[in-house]
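Chemist: For reference, the chains in residue letters:
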Amino acid sequence: MQTDILIIGSGGAGLTSALTAHENGVKVTIITKEYPTRSQTCMAQGGINAALGNAGKDSVESHIKNTLKSAHGIASEEAINLLCSQAPSAVEWLDSIGVCFSRTKDAKIAQRTLGGASAPRACYAQDYTGLKILHTLYDRCLEAGIEILNERYLLEILTDENSTNGATVLNIRSGEIETYSAKAVIVATGGYSRIYDKHSTNSTASTGDGIAIAMKAGARVSDMEFIQFHPTALKNSSILISESARGAGGHLLNSKGERFTDELAPRDEVARAIHNETAKGEEIFLDIRHLGEEFIDEELPQERKLAKLYENIDPVYDLIPIKPVAHYTMGGIEVDDSSSTIVKGLYAVGECANHRVHGANRLGGNSLLELIVFGKQVGENSAKYAKNIDEIKASKTDYILDNFSDDVEIDFYKIKKELGDVFYKNVGISRDKKTLQNILLKVEEFITDIPKMGITDNSKIYNTNRVEFLEFKNILELSRLVLIGAIARDESRGAHFRVDAPQEDKQFAMHTIIDKDGVVK
Amino acid sequence: MKIRVQRETLAEFEVDVHDVTLLSLLTTIKTTQDSSLTFASGCRSSICGSCSMRVNGKEVLACSYKVQDGDLIEPLQNTPVIRDLVVDMSKAYEKNQKAKAWLSRITNSVSLTQENEKINEIQSDCILCGSCYSACPVFAVNDEFLGPFSLTRVWKYVSDKREDDEKEKIDTIQTNGVWACTLCNECTLVCPQDISSKADIEKLRSKSAMAGYSDPNFASFDSFGGGFGFDGSPSF
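Residue numbers (our numbering), protein chains in the order written: chain D, 6 to 526; chain W, 405 to 640.
Think of the hints as simulated: they come from the structure by calculation, not from any bench.
Beta carbons are placed, not taken as given, at the ideal position from N, Cα and C, and that holds for glycine.
Each hint should be verified, as a subset may be incorrect.
Said to hold, decoys possible - Computed footprint of chain D on chain W; a stretch qualifies when at least three of its residues, placed anywhere within it, have a C-beta under 8 Å from a C-beta of chain D: (1) 434-440; (2) 577-587.
Said to hold, decoys possible - Here are the computed lysine-lysine pairs in the DSS-like style, where the Cα-Cα straight-line distance is at most 30 Å: (3) 113/D to 607/W; (4) 313/D to 571/W; (5) 607/W to 310/D; (6) 611/W to 465/D; (7) 32/D to 495/W; (8) 310/D to 462/W; (9) 611/W to 110/D; (10) 571/W to 113/D; (11) 611/W to 310/D; (12) 32/D to 470/W; (13) 240/D to 434/W; (14) 310/D to 470/W; (15) 439/D to 240/D; (16) 434/W to 457/D; (17) 470/W to 113/D; (18) 313/D to 406/W; (19) 465/D to 434/W; (20) 607/W to 110/D; (21) 434/W to 310/D; (22) 419/D to 571/W; (23) 470/W to 447/D; (24) 240/D to 470/W; (25) 565/W to 110/D; (26) 240/D to 571/W; (27) 470/W to 62/D; (28) 313/D to 462/W; (29) 422/D to 434/W; (30) 502/W to 203/D.
Said to hold, decoys possible - Here are the simulated distance ranges between beta carbons: (31) 407/D to 510/W: 45 to 53 Å; (32) 449/D to 421/W: 31 to 39 Å; (33) 424/W to 260/D: 23 to 31 Å; (34) 510/W to 341/D: 52 to 60 Å.
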């Protein structure tokens with residue numbers, strides 16, 4: 006199969022780049038391992054930042070200032086300028102295509118305050134912001150007639166003399182391997198928070214596939230050690246309770262019923278404050294009872310439903326038991342100012358990419374924004390690149406799916422769970438060099454053991470056992486990269502906190518870049 | 405706890421858990437008992453629409469249903485089963501394209517009031533889980549029916565103040581659309597987001613009537629001669 010631009014992943018970033026590339030006159034094909042509307046973007050609740058000043062005084066300069074501060078010195082000022090100055094037009098565009106944003110009494114898009122923001126800046130649609138943006142983008146793709154191929158799993162990105170010419174995928178439904186030839190490839194596969202397994206707010210699909218595969222194709226990754234822990238996930242299920250609950254005045258309480266932190270500080274600070282309380286043996290709760298039933302039903306309907314279902318409590322009357330869990334991965338595929346990797350024709354966008362706008366800690370409301378602003382940018386740039394290529398080189402692959410015997414020695418599901426637990430405990434909010442080194446040895450051991458693992462279902466049609474094993478192999482690779490970054494960074498900065506080096510250190514005010522051969526810069 | 409799962413043949417599983425979601429139970433079976441058990445899942449929080457299936461004949465999201473001893477788990481109906489509890493949603497989702505469920509013309513700077521926004525707030529909560537599609541009895545006799553979620557989506561856009569080509573929308577849903585529905589309300593009963601496609605279809609019917617269309621099912625009884633020609637176009 007041939008196309009001009011092959012987009013891997015169909016969340017907000019993938020769909021926005023598809024629409025933009027299509028508008029720029031090239032043939033676009035999207036592949037996704039699920040269906041577009043099932044992508045992680047649908048889980049974003051809080052909002053999308055833009056300094057519109059609809060609910061209080063605000064400016065693009067304040068948005069830039071807040072984002073830079075939260076990034077703790079390792080972001081690109083230029084990229085942040087672009088992100089924040091493009092924000093109002095990004096939201097205007099979403100509004101024009103039919104996203105059902107909540108409104109103010111004077112008929113403007115409603116905005117609320119999220120952590121680390123100096124003004125109510127996040128435009129929202131109740132607590133369904135991501136859902137409504139994603140579905141509207143999907144509807145636009147249908148209107149544009151963009152080809153979307155569902156249930157295809159990325160196996161390799163093909164290259165020829167350091168430029169990409171397509172990808173190999175597993176058609177999950179048929180069990181067949183397919184190759185797609187393309188002039189340019191955009192990776193938009195999302196983050197890697199599921200390396201923490203159940204200790205993450207994310208969809209089970211957030212396994213960092215695109216990052217691991219892009220690296221094999223020659224791309225570099227950066228800042229992998231920066232992983233955001235969201236302060237308020239439901240204690241038993243890791244289901245997210247949106248920051249907007251605190252933005253609206255929700256309190257964090259310990260077992261004694263005392264408040265112990267500024268609830269609206271950036272997420273890294275709040276998560277650490279909770280971590281310290283928990284270490285003292287305290288249980289932590291989110292209290293939104295004083296906001297009242299009417300407000301909760303209007304602004305946070307999803308939260309009430311989820312708390313009832315998963316914790317058997319009603320936030321209108323009860324405290325919500327919470328814990329911080331892995332939520333967003335700041336690191337990812339290294340890209341330049343045009344969203345391009347060091348492999349020609351290979352682009353990356355969204356959570357899988359590192360556009361250096363979040364630095365050491367992302368602000369709530371900036372990730373949905375990133376999808377739109379950089380989605381548009383990568384759509385334009387990749388289209389320009391593709392138009393300058395006359396011919397699509399037919400790509401070939403020698404990829405073969407592994408066959409497994411029935412006697413699998415090591416159960417990968419057990420290792421996956423074990424790895425998640427170990428990571429949550431030791432590679433999470435608080436880290437220590439020696440322990441990180443030991444865990445790296447353990448992960449390398451797991452990687453060596455891969456041939457002893459495998460699948461027990463060898464059937465062809467819709468084999469999720471196989472897909473989950475392929476995802477697990479990516480999880481192991483991502484875990485290794487996170488550890489390499491976390492060990493190399495002998496300091497504390499933003500979401501990366503090292504008990505053995507608790508201060509920010511100027512000489513580390515730079516990006517951790519890891520290449521294909523594992524060399525750190 | 406024992407549950408039965410409709411695979412190629414009916415399978416029974418016994419798992420030592422209680423007070424868990426169906427999705428959690430299925431995951432336990434897959435990772436500890438039978439790696440070949442096949443189902444789709446994603447967010448675990450009722451928002452991605454991946455894990456819809458039927459329990460004792462009723463559509464649910466596996467992640468939001470607390471499984472009970474003796475439950476019978478089956479895949480969705482009206483869509484081809486690929487394997488076990490996974491169905492092929494492609495054709496169902498194509499109906500959104502057939503129904504032209506999008507804003508027909510993009511116009512900038514239309515400002516919406518809170519009242520304007522509330523009109524289609526609930527319709528825009530749809531997660532495309534396909535529960536309504538599975539529960540709809542019309543597909544048994546007409547698989548070209550646009551179906552509940554697509555028509556709800558059309559209503560979402562038709563009722564949107566930003567839509568300035570209502571006519572195109574209404575024209576598109578006359579054949580295999582609003583009049584093919586029996587108003588049985590099964591879609592409403594199974595929707596995890598409390599959307600009533602039946603009510604949306606009724607609203608689209610009255611919009612259609614205002615545009616000069618009428619129910620073709622009554623055409624033959626209509627002594628005044630209103631109704632549809634054989635090509636589905638309105639005749640007056």
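Chemist: For each hint, tell me whether it holds in the structure or not.
Modeler: Status of each hint after checking the structure:
no.	hint	result
1	434-440	holds (count 5)
2	577-587	violated (count 0)
3	113/D to 607/W	27 Å, holds
4	313/D to 571/W	43 Å, violated
5	607/W to 310/D	28 Å, holds
6	611/W to 465/D	48 Å, violated
7	32/D to 495/W	23 Å, holds
8	310/D to 462/W	20 Å, holds
9	611/W to 110/D	28 Å, holds
10	571/W to 113/D	27 Å, holds
11	611/W to 310/D	34 Å, violated
12	32/D to 470/W	45 Å, violated
13	240/D to 434/W	24 Å, holds
14	310/D to 470/W	14 Å, holds
15	439/D to 240/D	29 Å, holds
16	434/W to 457/D	19 Å, holds
17	470/W to 113/D	41 Å, violated
18	313/D to 406/W	25 Å, holds
19	465/D to 434/W	17 Å, holds
20	607/W to 110/D	26 Å, holds
21	434/W to 310/D	27 Å, holds
22	419/D to 571/W	57 Å, violated
23	470/W to 447/D	37 Å, violated
24	240/D to 470/W	18 Å, holds
25	565/W to 110/D	16 Å, holds
26	240/D to 571/W	50 Å, violated
27	470/W to 62/D	46 Å, violated
28	313/D to 462/W	21 Å, holds
29	422/D to 434/W	14 Å, holds
30	502/W to 203/D	39 Å, violated
31	407/D to 510/W: 45 to 53 Å	48 Å, holds
32	449/D to 421/W: 31 to 39 Å	34 Å, holds
33	424/W to 260/D: 23 to 31 Å	26 Å, holds
34	510/W to 341/D: 52 to 60 Å	31 Å, violated
The structure fails hints 2, 4, 6, 11, 12, 17, 22, 23, 26, 27, 30, 34 (numbered hints given earlier, in ascending order).
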